[in-house]
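Q: This is what each chain is made of:
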Amino acid sequence: MFIQTLVTGLAIGGIYALMAVGYSLVFSILNFSNFAYGSIIMLGAYIGYYLLMEMGVPVYLAIGGSIAGAALLCLLNERLAYSTLRKRNAPSLYFMISAMGTSIFLENFVYATIGSRFYAFPEVLTQQNFSFGGVSIGMLDVFAIVFSFIAIYGLHYFLQNSRTGIAIRAASYDMQVSQLNGVNIARTIGWVFLLAGALAGISGMFLGMKYMVYPTMGWITNKAYIAAVIGGLGSLPGAVVGGLLLGVLETFVSAYVSSVVRDVFSFSLLVVLLLVLPTGLFGKFLEEKV
Amino acid sequence: MAEYISGVITFSLIYVIATVGLAVFTGFTGLFSLGHAAFFAVGAYTASILTYFYDVNYYLALVAGMAMAAVVGTIIGYPTLRAKLRSDYFAIATLGFGEAVRVLLENLEITQGARGLPGIANETTLTVVVIATILVIWVARNFVYSRYGRAAIAVREDFVAAEMMGINLFQVRMRSLLFSAMTAGLAGGLFAHYVSFIQPGMFTAYLSTQLTASVVAGGMGSITGPVVAAVLFVAIPEALRVASMWRLVAYGFLLVAIMVFRPQGLFGYKEISLHSFRRLFRKEVS
Numbered sequence: 014m015f016i017q018t019l020v021t022g023l024a025i026g027g028i029y030a031l032m033a034v035g036y037s038l039v040f041s042i043l044n045f046s047n048f049a050y051g052s053i054i055m056l057g058a059y060i061g062y063y064l065l066m067e068m069g070v071p072v073y074l075a076i077g078g079s080i081a082g083a084a085l086l087c088l089l090n091e092r093l094a095y096s097t098l099r100k101r102n103a104p105s106l107y108f109m110i111s112a113m114g115t116s117i118f119l120e121n122f123v124y125a126t127i128g129s130r131f132y133a134f135p136e137v138l139t140q141q142n143f144s145f146g147g148v149s150i151g152m153l154d155v156f157a158i159v160f161s162f163i164a165i166y167g168l169h170y171f172l173q174n175s176r177t178g179i180a181i182r183a184a185s186y187d188m189q190v191s192q193l194n195g196v197n198i199a200r201t202i203g204w205v206f207l208l209a210g211a212l213a214g215i216s217g218m219f220l221g222m223k224y225m226v227y228p229t230m231g232w233i234t235n236k237a238y239i240a241a242v243i244g245g246l247g248s249l250p251g252a253v254v255g256g257l258l259l260g261v262l263e264t265f266v267s268a269y270v271s272s273v274v275r276d277v278f279s280f281s282l283l284v285v286l287l288l289v290l291p292t293g294l295f296g297k298f299l300e301e302k303v
Numbered sequence: 019m020a021e022y023i024s025g026v027i028t029f030s031l032i033y034v035i036a037t038v039g040l041a042v043f044t045g046f047t048g049l050f051s052l053g054h055a056a057f058f059a060v061g062a063y064t065a066s067i068l069t070y071f072y073d074v075n076y077y078l079a080l081v082a083g084m085a086m087a088a089v090v091g092t093i094i095g096y097p098t099l100r101a102k103l104r105s106d107y108f109a110i111a112t113l114g115f116g117e118a119v120r121v122l123l124e125n126l127e128i129t130q131g132a133r134g135l136p137g138i139a140n141e142t143t144l145t146v147v148v149i150a151t152i153l154v155i156w157v158a159r160n161f162v163y164s165r166y167g168r169a170a171i172a173v174r175e176d177f178v179a180a181e182m183m184g185i186n187l188f189q190v191r192m193r194s195l196l197f198s199a200m201t202a203g204l205a206g207g208l209f210a211h212y213v214s215f216i217q218p219g220m221f222t223a224y225l226s227t228q229l230t231a232s233v234v235a236g237g238m239g240s241i242t243g244p245v246v247a248a249v250l251f252v253a254i255p256e257a258l259r260v261a262s263m264w265r266l267v268a269y270g271f272l273l274v275a276i277m278v279f280r281p282q283g284l285f286g287y288k289e290i291s292l293h294s295f296r297r298l299f300r301k302e303v304s
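Residue numbers (our numbering), protein chains in the order written: chain W, 14 to 303; chain Z, 19 to 304.
Just so you know, the hints here were simulated from the structure itself, not pulled from any lab data. Any given hint could turn out to be false.
Some chain Z residues close to chain W (C-beta under 8 Å, calculated; not the full set) [to be verified]:
1. 48
2. 50
3. 109
4. 113
5. 186
6. 188
7. 227
8. 264
Keep in mind that this is a model prediction, so the values were computed, not measured. Every residue gets a Cβ at the ideal spot worked out from N, C-alpha and C, and that includes glycine.
Chain W extracted, bound-state conformation (with noise of 0.2 Å):
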């Protein structure tokens, strides 16, 4: 039962890690809340849903199109309805309405066009088990675990050893001096929202295949706004272990206690951990910028 509950716990929590490191990238280069993270992993999952059901695409090349799309929408998000505000220097908490704002729109269009019907994946992946020690896990956990960290160590590889990594994580420490220094702020935060949709792309396919399909799934983004802020917003391996610390912890309290404190548990958790470690496990200490 314990390690059960644990293997369950580390499957969600691979997909919050990955949502969370998504929406970490976005925090640690313009330093707001991306609201409209969890709408992009929402047109993400549909994107997959509607290339594997209509189009009759195989499983693969179907999440590899929904990457594609998410991270294309990130994009446009980006040069729609942030780089005005990055140019002009607003302030975080306009860069926030205006997430706020795309996220309402996307998801109301959504269900404005498509409607708001659940769809199910097809149960491919869902049906079949591992199981090993007395302990069994789901064809899908295991692709969402091993799947989350592939992805996962490939950005942290892609960070650390390309030029435009380079060029983030110079311009996630300043954005102003790194730009006297010949980086290209533009194209550099563009690809931080590429990257981050692509995460998203990934991200609503899980989502989609273990749970449902419906315009209103990016509400789960929360949780990964929980993890980024546990783990420290910013840090990308605090991003990680938010994610699954927050996994972990809910499966146990939705096992051991009750499935319906489980939300309740997560926010006084975020609640109480703000109060005591404000930067979180990993973060660097930020003051407002004044």
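Given the structure of chain W, go ahead and fit chain Z onto it with the hints provided.
A: Chain Z only, in chain W's frame:
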């Protein structure tokens, strides 16, 4: 038809009451609450449980709803404001708080869970709402022009400088949070006794965002701007019933467009008064 129009007016004014409260908080301290639906819900539930199960007088129940919202406001406000959270953290904390309250309402015995409370006494009339709106706007206006309001404006503009001038940041923020929680609670009580049915699903984060949207669209730092925006946001989609599906699409679009093209909101920091009309008129004459 007359009944329908008075219904639309009543609804708009209930939203105006909640929006004015939020305008005092978000617009005058610069903190961004995404959990105001929780105060609305607490006011609605407290007032209707009192009239529904305990036959308490309607007006007394409204006041109790306000008081309860203030208590809940203290519970969330005291730790978060004391810790001086960054505005993002505060927004996420209030978002989480709003959802937590909704989950609690869905699982409490006395609120009858997700089934909600049907058949609440239909007590709220247009007259009551009009009087309440005038009172709330009047109090908000006085609050803003008092020394507390000026302290709040100083905090919004630059809280570090304000703190150095000896303004107690926590006190200013707490006071306006309590004011806005109480007005949201009042709006909730009025709402419950107007539609005579409430359930937790009515008080989701959407409601919070709608309220915030009105404040932002109307202009942060203005009282009359958000009032106009709230009326527009409720009355227009109500009149164009067909557009109801697209209403929130338009909200979202408007929010982004306002931030990109007119970040100060429709009315900016200005108030609409007879004086401004007079000035407009004078300009035309000369």
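Q: Work down the list of hints and note, for each, if the structure agrees.
A: Hints, one by one, checked against the model:
The criterion of a C-beta within 8 Å of any C-beta in chain W is met by residue 48 (chain Z), whose closest approach is roughly 7 Å, and the hint holds. Hint status for residue 50 (chain Z) relative to chain W: holds, with the closest Cβ pair at about 6 Å, below 8 Å. For residue 109 (chain Z), the interface hint holds, the least distance from its beta-carbon to any beta-carbon of chain W being 6 Å, beneath 8 Å. A hinted interface residue such as residue 113 (chain Z) counts as satisfied when its beta carbon comes closer than 8 Å to some beta carbon of chain W; here the least separation is about 7 Å, so the hint holds.
Given the 8 Å rule on beta carbons, the hint for residue 186 (chain Z) is violated: about 18 Å separates it from the nearest Cβ of chain W. With a least beta-carbon distance of about 14 Å to chain W, the hint placing residue 188 (chain Z) at the interface is violated under the 8 Å criterion. Because the closest C-beta pair between residue 227 (chain Z) and chain W is about 6 Å apart, less than 8 Å, the hint holds. Residue-level restraint check for residue 264 (chain Z) holds (minimum Cβ-Cβ distance to chain W is 5 Å; threshold 8 Å).
Of the numbered hints listed earlier, those contradicted by the structure are 5, 6.
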